[in-house]
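This is what each chain is made of:
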Amino acid sequence: MSIAATTARQVTLATGKSKDKTPVSLAFLIALWFSMFFGVLVLLALIVNTAIDGSTRFDSELLTNYASIVRPESSGFRAGILGSLWLMVFTALLAVPLGISAALYLEEFADPTTRWNRFVEVNLQNLAAVPAIVYGLLAVAIMALLGFQNAGIVLGGALALALLILPVIIITTREAVRAVPREIRQGSLALGATVWQTTWRQTLPSAIPGIATGTILGLSRAIGEAAPLVVVGLAGSVLFDPEGVMSRITALPMQIYSLTSNSREELQQAASAAIIVLLVMVLGLNALAIFIRNKFQRSW
Amino acid sequence: MNRTSNRWAAASGAIVLALTLAACGGGDAGSDTGSGDSESGAVSGSVAVDGSSTVYPMSVAAQELLNEENPDIQVTVGEAGTGGGFEVFCTGDTDISDASRPIEEDEMAVCEENGVEYTELQVATDALTVAVNADLDVDCLTTDQLIDLVGPKATATNWNEIDPSFPDQEISFFFPGTDSGTYDYMAADVVGDESEVLRDDVESSEDDNVLVQGVSGTEGAVGFFGYTYYEENQDTLKALQIDDGNGCVAPSAETAQAGEYTPLARPLFIYVSNSSYADNAAVAAYVDFYIENLSDIAEIGQYIPLSDELYSETQSTLESIGS
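If you read the protein sequences in the order shown, they are chains S and F. Just so it is clear: in the first sequence, position 61 is 61 by this note's numbering, and no numbers are missing. Just so it is clear: in the second sequence, position 13 is 13 by this note's numbering, and no numbers are missing.
To be clear, the hints were calculated from the coordinates, so they are not data collected in a lab. There may be inaccurate statements among the hints.
Covered by chain S, per the in silico footprint, the following chain F stretches (three or more residues, Cβ under 8 Å) [what the hints assert, rightly or not]:
| hint | stretch |
| --- | --- |
| 1 | 50-64 |
| 2 | 99-106 |
| 3 | 188-202 |
| 4 | 231-238 |
Here are the computed distance ranges between Cβ atoms for each label pair [stated by the list, open to error]:
| hint | chain 1 | residue 1 | chain 2 | residue 2 | range |
| --- | --- | --- | --- | --- | --- |
| 5 | F | Ala42 | S | Val122 | 56 to 62 Å |
| 6 | S | Asn123 | F | Glu113 | 33 to 39 Å |
| 7 | F | Glu113 | S | Phe291 | 51 to 57 Å |
Anything over 10 Å on all C-beta distances counts as not near chain F; from chain S, calculated [claimed, not checked]:
| hint | residue |
| --- | --- |
| 8 | Ile69 |
| 9 | Val70 |
| 10 | Ala110 |
| 11 | Leu239 |
| 12 | Ala289 |
Here a beta-carbon is modelled for each residue, glycine too, at the ideal position from N, C-alpha and C.
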């Protein structure tokens, strides 16, 4: 809760009177309410509309079948769903260790006054604002350097998504680490632990809930991205399951993108249903983040 | 404290294990060259197709039908567009490139530079039909008149504004949805305006039936469809002939394939990398299957199947790849 709102509430409680009721402030209040509901209503309308469009296709075939142009009425998203899940796992494997290490270094070991570290920090903030499609280009370049002709494989896609969410993970991890009280570190150091031991055994474990929340939110952003994957060159139509990091795949957002603009009505309906599936996946990840935060949150 | 460090060790161990497993799994899936015996059922391997979004439905249909017979051939099909397709094809990244126009000189140069030899196979003909209400006394449009009629800068609302000899009749427009390939073809290739859109004061529907009903039920109405769809509904519609400088040509499978019905018809191609075809049994199996079942595949893609003559030409071109 913001400071302004808290203060206002306290004032209200103290005087026992409600807020002032001049027409101007009332109009302002209504404008604020409108702003809030506008966003919510548009989102709700969009979701309901999509759900109605896709309502004929909420069956198990949607999850277990491959996309089909020969039999559009039983078209499914098996390749996309599996592809997205594989991408998630490898994105996490790439981004989480790197992101946490970078954040720990910056927060616990680096000297924030040196020019170099300030430069790194400014760039981290900038990286978080870089358009997603640029990370696709970056991943293609890295894959080419690594000697891969075709980047449209699990590794290429995961690399693009990992680069995309790396700044998010670093920033949230730094905040989580910063929230661990200084006294815990000082206590550990006073008892003779080294900086390394303090970080590894005290600071990091205490910051885990915050780090996990940030990481999962980052991943839920990555799962919905299509643009960097298009640049990386993931195929639109894949009719086999991923078998390894070198396997060619497609991803759910890409299939949705491809099918929503298809002229066959059955495929458009399937795409609408798949949007709901993607939404459930994202909301599921977010719910997990909230659960972890609430379950493991500590107050000092 | 010991417990904590053990847990961390276990966690990092698990990550390493997962990576190793994944890397091992990748080993056999990553091999790009196909292996197979003379028996087609035993062929396995991977095929990479990319290119025109117009040919995409056909290549996907081929992929799907082939996988019903032999699920071990792993085909991926992309829709990067004809130009985008050649870009990756000519660097050797894909085995087959879908194209809705012949390869251009600068693209050929890139292919040559990278030593990619290819064979062009025509797989179908894509054609549009401009149809009007059966009672309208208009039979033929020149290409320019067509652009004046449907282009983004078009303002005509009465047929006599297009040509004074046309009847004094208000025009109603029935266009396919902007997502359809039919619309794209008309906007980008026939009208050819940079904006790649058509006039927007029209009735628009993704459902061709709605368009047919609109055109057949409204006086002075005009609409356009894929040729195959017109063919199924030709009793209720009147197709306009198109004059592209060589006299009025009526739409038909023959005029479309003969290249007379321009600019509303175009050939569709797949470009096959010769070395992929020769070295990768999966590519050969895919292309052979594609050409063998070409008429079914063209039907699924809603294009005009090749005439017997063109088909045998495509077949003999295919046979010559190996030699």
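How the hints compare with the structure:
For the stretch 50-64 of chain F, the assignment as covered by chain S holds, since 8 residues bring a beta-carbon within under 8 Å of that chain's beta-carbons and 3 suffice. Counting residues of the stretch 99-106 of chain F whose CB lies closer than 8 Å to any CB of chain S gives 0, which falls below the minimum of 3, so the coverage claim is violated. Counting residues of the stretch 188-202 of chain F whose beta-carbon sits less than 8 Å from any beta-carbon of chain S gives 0, not enough to reach three: the coverage restraint is violated. Three residues within the 8 Å Cβ limit are the bar, and the stretch 231-238 of chain F against chain S gives 0, so the coverage statement is violated.
Remark: the range hint 56 to 62 Å for alanine 42/F to valine 122/S is upheld by a beta-carbon distance near 59 Å. Taking the beta carbon of each, asparagine 123/S and glutamate 113/F are about 37 Å apart, inside 33 to 39 Å as hinted. Hint check: glutamate 113/F to phenylalanine 291/S, Cβ distance near 56 Å, so the stated range 51 to 57 Å holds. The claim that isoleucine 69/S lies off the interface is violated: its Cβ sits roughly 5 Å from the closest Cβ of chain F, which falls inside the 10 Å cut-off.
Not every CB of chain F is more than 10 Å from the CB of valine 70/S (nearest about 5 Å), against its label as outside the interface. Non-interface call for alanine 110/S relative to chain F: holds, since the shortest CB-CB distance, roughly 22 Å, exceeds 10 Å. Annotated as non-interface, leucine 239/S brings its C-beta within 10 Å of a C-beta of chain F; the closest such distance is 5 Å. Non-interface status of alanine 289/S relative to chain F is upheld: no Cβ of that chain comes within 10 Å, the nearest being about 19 Å off.
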